[in-house]
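Engineer: Kindly produce the complete structure, drawing on both the sequences and the hints.
Protein chains in written order, with this note's numbering: chain A, 16 to 223; chain B, 16 to 223; chain C, 16 to 223.
What the hints contain is simulated information worked out from the structure, not anything from laboratory work.
Since the structure is predicted, the reported quantities are computational estimates derived from the model, not experimental observations.
Glycine included, C-beta positions come from ideal geometry on N, C-alpha and C.
Any given hint could be a false lead.
[Said to hold, decoys possible] What follows is a list of derived Cβ distance ranges for each label pair:
#, chain 1, residue 1, chain 2, residue 2, range
1, B, T57, A, V127, 49 to 55 Å
2, B, E56, C, K118, 45 to 51 Å
3, B, N120, C, Q124, 27 to 33 Å
4, A, N131, C, E185, 35 to 41 Å
5, C, E185, B, E56, 22 to 28 Å
6, A, Q124, B, T57, 50 to 56 Å
7, C, S153, B, N131, 43 to 49 Å
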Amino acid sequence: MLFNFFPKESNLFDLFEKQANYALDAALYFKDLMLAGIIDETSMQKIKDIEHQGDDAAHDIIDHLNKTFITPFDREDIHALVNEIDDINDMIYTIVRRLKVYKFNGVNQNMVAFANVIEQSVTAVAAAVKAMRNTKNSKAVSELCVEINRLENVGDSMRDAMIAELFETEKDPMAVIKWKEVYQDAETVLDICEDVAHVVGSILVKQA
Amino acid sequence: MLFNFFPKESNLFDLFEKQANYALDAALYFKDLMLAGIIDETSMQKIKDIEHQGDDAAHDIIDHLNKTFITPFDREDIHALVNEIDDINDMIYTIVRRLKVYKFNGVNQNMVAFANVIEQSVTAVAAAVKAMRNTKNSKAVSELCVEINRLENVGDSMRDAMIAELFETEKDPMAVIKWKEVYQDAETVLDICEDVAHVVGSILVKQA
Amino acid sequence: MLFNFFPKESNLFDLFEKQANYALDAALYFKDLMLAGIIDETSMQKIKDIEHQGDDAAHDIIDHLNKTFITPFDREDIHALVNEIDDINDMIYTIVRRLKVYKFNGVNQNMVAFANVIEQSVTAVAAAVKAMRNTKNSKAVSELCVEINRLENVGDSMRDAMIAELFETEKDPMAVIKWKEVYQDAETVLDICEDVAHVVGSILVKQA
Chain A
16 MLFNFFPKES NLFDLFEKQA NYALDAALYF KDLMLAGIID ETSMQKIKDI EHQGDDAAHD
76 IIDHLNKTFI TPFDREDIHA LVNEIDDIND MIYTIVRRLK VYKFNGVNQN MVAFANVIEQ
136 SVTAVAAAVK AMRNTKNSKA VSELCVEINR LENVGDSMRD AMIAELFETE KDPMAVIKWK
196 EVYQDAETVL DICEDVAHVV GSILVKQA
Chain B
16 MLFNFFPKES NLFDLFEKQA NYALDAALYF KDLMLAGIID ETSMQKIKDI EHQGDDAAHD
76 IIDHLNKTFI TPFDREDIHA LVNEIDDIND MIYTIVRRLK VYKFNGVNQN MVAFANVIEQ
136 SVTAVAAAVK AMRNTKNSKA VSELCVEINR LENVGDSMRD AMIAELFETE KDPMAVIKWK
196 EVYQDAETVL DICEDVAHVV GSILVKQA
Chain C
16 MLFNFFPKES NLFDLFEKQA NYALDAALYF KDLMLAGIID ETSMQKIKDI EHQGDDAAHD
76 IIDHLNKTFI TPFDREDIHA LVNEIDDIND MIYTIVRRLK VYKFNGVNQN MVAFANVIEQ
136 SVTAVAAAVK AMRNTKNSKA VSELCVEINR LENVGDSMRD AMIAELFETE KDPMAVIKWK
196 EVYQDAETVL DICEDVAHVV GSILVKQA
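Structural biologist: Pasting the structure below:
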């Protein structure tokens with residue numbers, strides 16, 4: 016502690032890194048579930064546990080913020096960042112929960128494709144949040160943000176193609192209702208990752 | 016007035032109590048409508064009037080805020096609180112309006128069940144907002160927030176069970192489209208109540 | 016420049032006027048597309064270009080904000096305003112993209128009606144944003160905000176009537192799914208315009 020003049024400030028970065036890692040846990044487990052093509056009670060419990068751990072990590076940051084006078088970056092950016100990262104975890108949990116309600120059974124290649132892009136994007140988000148603590152990393156963070164934006168565009172095109180195909184080939188309206196919603200939700204995860212990238216980018220600009 | 020050094024500050028709590036009571040009016044009237052199983056022009060006008068009263072109460076708070084330099088808690092928390100309470104009223108109004116568009120006719124037991132949980136949650140929200148003015152009530156407020164979170168979980172399970180049943184038993188896709196949306200909207204009211212609880216909780220933490 | 020003590024402040028108003036004009040470009044082009052009843056690759060590219068120009072205008076405002084210490088109105092209002100105006104452009108782009116996915120082909124009179132109301136509302140938004148720079152215009156801005164609110168109510172009634180008719184007359188559930196979503200999205204543009212009006216109104220109140 017002798018050489019650390021801002022112990023609470025570095026702590027905040029640790030807390031954000033922890034929170035982002037839970038979002039990554041959710042993304043990785045989501046990919047496992049999509050590859051397995053089945054969601055049972057055990058997997059439902061596991062994704063719920065990850066979501067709770069993410070919630071706790073978010074609350075730790077808010078608690079920390081309420082007890083800290085000086086913060087390494089704007090309080091409103093801290094609030095935005097903690098909420099956006101939490102939204103990643105929440106949205107993945109929502110998708111798994113919906114698939115369970117819809118009796119998801121069997122591998123859906125569209126969902127595998129989305130899970131892959133989500134994994135890539137959340138991996139980049141976690142790396143950007145980790146690198147954010149040092150302004151020397153600003154070029155690397157900037158490149159990660161560009162990659163997150165690229166993956167959001169990839170997701171938009173995937174969703175559009177999948178929904179267009181759904182309306183053309185699926186004869187059962189119930190299936191259209193379900194899958195249209197789930198594909199839109201999957202793309203929303205990538206939108207949220209892009210929102211995180213915007214907040215991280217704006218924090219770096221202010222510190223430059 | 017002699018002993019009130021912060022007349023405007025206490026006024027803010029009065030204004031919030033008033034706003035929360037309009038949200039409660041909406042929840043109570045919504046329950047009446049769900050029990051009656053019919054929405055006519057008169058009931059449509061009444062729920063619209065409650066929504067307008069809620070709007071006016073929200074505008075009064077913003078006006079008060081714009082004219083006041085010192086506030087009893089953070090301005091950003093005041094903004095968040097006024098918007099979240101307004102969202103309760105708006106969402107209930109949206110549901111009633113949608114049911115009218117969908118020619119809702121006859122008691123739907125799922126909607127009665129949701130109206131009951133919504134009544135409980137908004138009652139707890141109004142009580143928490145009322146108690147918020149005195150830090151001595153922080154334990155009571157904290158218990159109300161726990162209850163609001165519990166009711167949100169109850170609502171999640173209700174919505175999932177209702178939608179799963181809808182896809183299994185309802186043969187008419189038009190009915191699935193309508194009820195799926197309305198059940199999700201009903202649960203959203205409980206999500207908003209939970210958001211109010213978070214803001215109230217965070218205000219209390221900062222004042223501790 | 017000799018007589019301009021706050022060059023950066025007036026610049027902010029120029030930037031907002033520019034951003035609002037891109038939202039108006041989107042609204043006008045949307046009307047053209049609805050009147051033509053067809054969305055091809057060229058029109059898709061054009062609406063995308065307008066959306067990108069709007070994005071760039073939004074980024075310019077955030078960049079300006081990050082480099083400026085004194086702003087002519089609250090930083091949180093600037094953030095709210097830039098995001099809401101951006102949402103107009105985004106939502107119109109989303110609708111066009113969805114119509115493309117849904118193989119929109121042929122004039123739909125409901126969409127023409129919505130495009131007309133959207134054009135009126137975004138025209139009023141652009142005028143309010145332009146007038147905002149001078150407190151002498153506060154009565155004119157106030158009247159524009161009343162008009163934007165009126166148009167939002169018109170849009171609500173249009174959407175409700177269109178969706179009620181859709182469920183009564185359309186036998187194809189796939190068509191119901193598509194048009195219900197698009198009508199709700201079209202009304203959302205008017206909701207966002209109303210949100211812009213609220214922010215502009217609140218900025219004027221504070222400056223009075």
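Engineer: Given the range 50 to 56 Å, decide if the beta-carbon distance of Q124 (chain A) to T57 (chain B) lies inside it.
Structural biologist: 53 Å, holds
Engineer: Would you say the C-beta atoms of N120 (chain B) and Q124 (chain C) sit inside 27 to 33 Å of each other?
Structural biologist: The hinted range 27 to 33 Å holds for N120 (chain B) and Q124 (chain C), with Cβ atoms some 29 Å apart.
Engineer: For the range 43 to 49 Å, tell me whether the beta carbons of S153 (chain C) and N131 (chain B) fit it or not.
Structural biologist: At roughly 47 Å between Cβ atoms, N131 (chain B) and S153 (chain C) fall inside 43 to 49 Å, so the hint holds.
Engineer: Given the hint of 45 to 51 Å, check if E56 (chain B) and K118 (chain C) actually sit that far apart at their C-beta atoms.
Structural biologist: Because 39 Å falls outside the window, the suggested range is violated.
Engineer: Between the beta carbons of N131 (chain A) and E185 (chain C), is the distance compatible with 35 to 41 Å?
Structural biologist: 37 Å, holds
Engineer: Between T57 (chain B) and V127 (chain A), does the beta-carbon spacing fit 49 to 55 Å?
Structural biologist: 53 Å, holds
Engineer: 22 to 28 Å was suggested as the range; check whether the CB atoms of E185 (chain C) and E56 (chain B) agree with it.
Structural biologist: 25 Å, holds
Of the numbered hints listed earlier, the single one contradicted by the structure is hint 2.
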